[in-house]
Amino acid sequence: MGWNRKVLRVNLTAGTCQEEPLNMQWAQDYLGSRGLATKYLVSETDPKVDPLSPDNKMIMSTGPLTGTMASTGGRYTIVTKGPLTGAIACSNSGGFFGAEMKFAGWDMIIFEGKSPKPVYLFLENEKAELRDAGHLWGKSCWETEETIKHELQDPLVRVSSIGLAGENQVMFACVVNDLHRAAGRSGVGAVMGSKNLKAVALRGTRGTSGIKDFPAFMKATTEAKKVLADNAVTGQGLPKFGTQVLMNVINEMGALPTRNHRDVQFEDAGKISAEAMHEKRPSDGKAHLVTNAACFGCTIACGRISEIDKGHFTVKNSPQYWGASGGLEYEAAWALGAANGVGDLEALQYANLICNEQGMDPISFGATVGAVMEMYEMGVLTKEQLGIESPFGSPEALAKMVEMTARGEGFGKEIGLGSKRLCEKYGHPELSMSVKGQEFPAYDSRAIQGMGLAYATSNRGACHLRGYTVASEVLGIPVKTDPLVTEGKPELVKAFQDATAVFDSAGICVFTSFAWTLADVQPQLAAACEGDWSMEKLNEVGERIWNMERQYNNAAGFTAKDDNLPPRLTTEPAKTGPAKGLVNGLATMLPEYYKVRGWTPEGVPTTETRERLGL
Amino acid sequence: MWKSLHIDPAKCTGCLQCEMACSYENTGVFNPSKSRIKVFNFETEGRKVPYTCTQCTEAWCLNACPVDAIRIDLSTGAKMVYEDTCVGCKVCTIACPFGTINYNQDSGKVQKCDLCEGDPACEKACPTGAITYVDADWTGLDKMRAWAAKANTPATAA
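If you read the protein sequences in the order shown, they are chains A and B.
Heads up: the first sequence begins at 126 in our numbering, then just goes up one per residue.
Heads up: the second sequence begins at 2 in our numbering, then just goes up one per residue.
If you're looking for bench data, these hints aren't it; they were derived computationally from the structure.
A couple of the hints might just be wrong.
If we take Cβ atoms under 10 Å as the criterion, some of the chain B residues that face chain A in the derived model are [claimed, not checked]: (1) Q18; (2) M21; (3) S24; (4) T28; (5) A96; (6) D107; (7) G109; (8) P128.
Heads up, simulated BS3-like pairs for lysine-lysine below, C-alpha to C-alpha not over 27 Å straight-line [to be verified]: (9) K365/A - K12/B; (10) K365/A - K125/B; (11) K39/B - K344/A; (12) K365/A - K396/A; (13) K435/A - K242/A; (14) K411/A - K144/B; (15) K131/A - K337/A; (16) K411/A - K151/B; (17) K125/B - K337/A; (18) K405/A - K110/B; (19) K686/A - K720/A; (20) K405/A - K125/B; (21) K351/A - K12/B; (22) K39/B - K252/A; (23) K351/A - K125/B; (24) K125/B - K344/A; (25) K12/B - K411/A; (26) K365/A - K91/B; (27) K274/A - K151/B; (28) K39/B - K91/B; (29) K351/A - K151/B; (30) K125/B - K252/A; (31) K125/B - K39/B; (32) K110/B - K91/B; (33) K405/A - K151/B; (34) K525/A - K538/A.
Just so it is clear, the structure is predicted and the values come from calculations on it, not from any experiment.
Ideal placement from N, C-alpha and C gives every residue a C-beta, glycine not left out.
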């Protein structure tokens, strides 16, 4: 089992909530969470649908290991068509919300249509009701969570919501749960906002009972936890330094995209690194970092809880931001910092707080600011338009832009379009550092060649979480490959992409894959779920999910032309570092990748591939 | 020798493995809502604090129970709820100053930590050592050792 076998279908147009059985054949073929929710989406919606129309659906889904004692077994995924990209959107979040859905007795919630007025869903075990959210509209994610807990008189409710960014249709709005965990990318929060759905509040007291063989499961999960504890990355590096441990490492490799990818090394990387978060500030003698924190069931605990400098210009008159809160993690610190040349840790934390509070993806926001600053320095955008002088490196501009973007004020409306639409509007599409409209994360593909291919072919647009070859090319996990060469990368990218699809669909965190391979996940799934869960089957499921997502995107209108990188990465060589003089060799890797995938030279899965995978 | 659950909040990451282990031990499923140990997250302070019964010697719950459903397990020192005797009157939940004995709607009885017959599931599940099971007479040992380590007293100093 592993699954609760129950789906809640919420029709927001009609205001109805209906229970239906989970399609167990699909569960066998697509596992759960990312894979299973995508199967539902592709089966029920037109790939050409306008992402922000009522005809798009939004699915919140757990996996079979969500809400169990498997380490990191607390993840859930939001699957929909993404407004930022027009491609499949699939955003995964930790925290405690996903497990609560399982405890309430459900695997998945499908939202369809559009509510005539703002509502939120309250799901308490078997009882589901849409409640008025008129009083919540206009509130931040944090205020929404607090208000809902207060009005339900239940502090144990878990809440996932959108803030102002989702309401204002910021194209990279996210959905925030448990204050600072987010289904972050591709604009899933804007989809939720387009449906007038402000929040989902869950309370589950039934527990997760559907484990096929509890004793075998306890044994498998205990052994797998030991693997995490004994591993240097998951047992020591991530708990102590968080993902931020990468800042100095990636900078030294010349792979830290800086000032909208003009540079590949940031002179202030040390100031925004994990080490800096541990250091005492001269201003108040306190370290930025307060403690680490875990999501549900996680025995790694990479999460950062920090306290901003109360005297910093961003918050000195705003005591509501003085308490401990989430951040900074590597991607956010990079996007808000190096990507726009800002080396002020406190300013980055402030921008990160606003992103969490109002529900915005800090990666796409920060990277879009990078493009704005570049256009400002080129004279394309002016102080009058932006409302503030905005050269690279300005913490004041960053702080103002994050406020304006969340609230949809002034030039913030334009930033909220994302870098692709923004740069096109101002005549410089080449300055958008994105693939399929989604901004890059924190690894420059001139210095980590495999990531260029992983970005170009990622089904949700540029992303590090679809095929994290950084593990191999930088950290040597599971084997070290040379980051500066293209040879062997097509096979490597495919292997990471397929395996990651299984991790995501199981309901666990992809960070376990620093220590676990599928061979560590397999015994946990086999003990939890009925059916055959051999390694062979898992590999097939991963590949099937990847190809299903690809077919959806192809049907949505994407072609091989969209498996591309901005010209900066393929024509402007890295200026410094170990990759000095190199560009990304995508043109060499891509045809080989299509072959390895069993796709035509046009990037379409061949009939043979589709039949092999049952698609 | 009795042992006590010893909790060091500074080591807690808030993962709730203890709550799941407790509920699995006692109900056979993963269900934190039925856990007898709870982790509290003081968000704005960055503090996570696991909390459960301390097994008071003069236990308020035990003394308040009108039907003597709470008795001491002499092998572990745990104050045990005997469900066949408990009538679900909840007087113990009022008497307990710490809130660590609570009513369970599913069983109609109260529930509290029973130290798992001397092998607590929460302690085994805790990945960071925030929950340990130590000699009941020496719950202060780690703190004493930490302070002792700071004492700069080589014998030949003077």
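Query - Distance restraint between K365/A and K396/A, which requires alpha-carbon spacing of 27 Å or less - result: Holds, because 17 Å separates the two Cα atoms, which is no more than 27 Å.
Query - Restraint status (C-alpha distance of K405/A to K151/B at most 27 Å) - result: Holds, at about 22 Å.
Query - Hint consistency between K12/B and K411/A [alpha-carbon to alpha-carbon, up to 27 Å] - result: holds, 19 Å
Query raised in the report: Does T28/B pass the interface hint, meaning its C-beta sits closer than 10 Å to a C-beta of chain A?
Result: holds, 7 Å
Report task. Compare the distance between the alpha carbons of K39/B and K252/A with 27 Å, and conclude whether the hinted pair is satisfied. Result -> holds, 25 Å
Query - Proposed interface contact between D107/B and chain A, which counts if any beta carbon pair is under 10 Å - result: This hint holds: D107/B lies near chain A, its Cβ roughly 8 Å from the closest one there, short of 10 Å.
Query raised in the report: Given the hint that K405/A pairs with K125/B, does the C-alpha gap stay at or below 27 Å?
Result: violated, 35 Å
**Report entry** K39/B paired with K344/A [C-alpha distance capped at 27 Å]
**Finding:** holds, 24 Å
Query raised in the report: Taking the least C-beta to C-beta distance, is Q18/B closer than 10 Å to chain A?
Result: holds, 6 Å
**Report entry** Status of the hint placing M21/B at chain A (closest C-beta pair under 10 Å)
**Finding:** Check passed: Cβ of M21/B comes within 5 Å of chain A, closer than 10 Å.
Query raised in the report: Has the given pair, K435/A with K242/A, been kept, meaning a C-alpha gap of at most 27 Å?
Result: violated, 39 Å
Requested in this report: Please work out if K411/A and K144/B have their alpha carbons no farther apart than 27 Å.
Outcome: holds, 24 Å
This entry does not satisfy hints 5, 7, 13, 18, 20, 26, 27, 29, 30, going by the numbered hints stated previously.
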